[in-house]
Amino acid sequence: MGFGVNLNFSQFVPSIPFILEGVLVTLKIVALAALLGFALGVILALFKIGRMKVLTWFADAYTSVFRGTPLVLQLMIIYFGLPQIIGFEIEAFPAAVIAFGLNSAAYISEIIRAGIMAVDKGQREAAMALGIPYKSMMRDIILPQAFKNILPALVNEFITLTKESAVVTVIGAMDIMRRAYIVGGEKYAFFEPLLIAGVIYYILVMILTLLGKAVEGRMRKSD
Amino acid sequence: MIKVVDLHKSFGKLQVLKGITTTIAQGEVVAIIGPSGSGKSTFLRCLNLLEEPTKGKIWIGDQEITNRKTDIMKVRQNVGMVFQHFHLFPHMTVLENLTYAPMKVKGIAKAEAEAKGMELLRKVGLAEKANEYPNRLSGGQKQRVAIARALAMSPEVMLFDEPTSALDPEMVKEVLEVMKSLAHTGMTMAIVTHEMGFAREVADRVLFLDGGQLVEDAPPSEFFAAPKSKRAQEFLEKML
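Chains as they are written, first to last, in full-length UniProt numbering: chain A, 1 to 223; chain B, 1 to 240.
Please keep in mind that the hints were generated in silico from the structure rather than gathered at the bench.
Mixed in with the good hints there might be a few duds.
Residues on chain A that point at chain B, a partial pick, calculated with CB under 7 Å [what the hints assert, rightly or not]: (1) E91; (2) G122; (3) I132; (4) G185.
Glycine included, C-beta positions come from ideal geometry on N, C-alpha and C.
Could you put together the complete structure from these sequences and hints?
Here it is as structure tokens:
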């Protein structure tokens with residue numbers, strides 16, 4: 001018995017389209033979760049900087065819980081646990097979107113809160129002095145400046161989300177990871193399909209990184 | 001136009017304003033001077049409630065702005081403010097800085113707001129910068145845009161909080177010129193400043209604050225020639 005490398009990629013070529021179909025599943029989960037996480041994250045961030053103590057407390061508690069427990073646990077509670085309470089099953093796909101959305105909202109709210117705090121307080125005063133209402137001030141003056149500063153951190157969060165989405169495998173969603181695992185199981189060889197999955201994830205992350213840089217470049221036009 | 005009665009302001013235990021009473025008439029230009037820490041900026045910032053008074057009353061026109069029922073946002077639309085550090089909106093062009101609030105707050109149509117914005121930019125000599133972003137402007141230009149931005153709301157009162165203190169010396173004059181021509185239009189102005197020459201030339205009255213109190217209130221000719229209080233004498237000796 002030798003320890004020679006015994007890899008055979010050619011037998012997996014027919015399975016590549018099957019694995020690639022998972023890209024769409026992964027992207028759908030990530031995109032929807034990112035939207036949900038971003039929307040919730042903005043709301044939570046506004047709660048955190050607002051004057052209403054109850055809302056601040058709620059947003060802080062929310063962040064603490066979702067950052068303080070494993071993502072895979074949150075996912076499994078929603079997929080396996082929640083039906084016990086609500087009385088009907090949740091499909092793997094919506095369960096994944098909800099779990100990742102709720103989880104990333106906690107991180108995104110912290111990023112946005114920091115971004116808002118970093119905007120010069122004179123901006124707020126100038127807006128107040130002009131009689132601009134709070135909502136318009138936040139939407140048109142404070143948040144656009146905050147987003148410019150936090151864009152790298154946000155892109156980072158979306159990259160994390162893309163990679164972490166691989167844990168949906170545990171609830172059986174047919175993403176890249178799950179498909180690679182199935183193919184491995186069929187052929188009793190896991191190294192090659194998992195490596196293929198790794199390459200796909202890496203390419204996705206690189207595309208996200210480039211997109212982030214492009215958006216950042218556009219937003220810097222006022223500098 | 002502006003009436004202030006027994007105005008107090010404390011930050012925690014620190015008493016910054018200790019009972020100021022004065023009035024500023026329609027069309028009057030008032031220079032507020034005093035040593036740093038005298039409370040002059042805080043006084044000015046109380047006039048549009050950027051600082052909430054601890055005690056005392058303020059009227060702008062016939063509205064008591066210290067009354068909780070008064071809609072302070074409405075009052076602020078009528079009271080322009082110019083800051084030491086300009087605080088232009090950096091993600092908007094110069095013209096957008098001027099048109100945003102009139103459109104958003106007063107519901108003025110875009111074309112009208114832009115026409116008025118351009119007219120104001122011409123008045124402050126910066127029409128050719130309309131489509132630049134603020135970061136491309138010099139300090140003096142930024143402050144002139146900030147003045148135009150405040151004027152775009154057609155306020156009845158203008159507050160200036162050390163408008164030239166953050167500028168390089170060679171840019172002070174261009175800003176003071178704009179303020180001077182504004183004073184000639186009959187605008188009611190309250191100006192916190194260290195520019196004694198400007199105060200002497202343009203102001204109708206000088207308010208001298210020290211230690212949170214209004215120590216002197218006199219026309220500039222009197223104040224600069226013969227200050228009554230010892231504190232004002234000492235202050236002027238250091239400044240001139």
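Are any of the numbered hints broken by this structure? If so, which, sorted upward? Violated: hints 1, 4.
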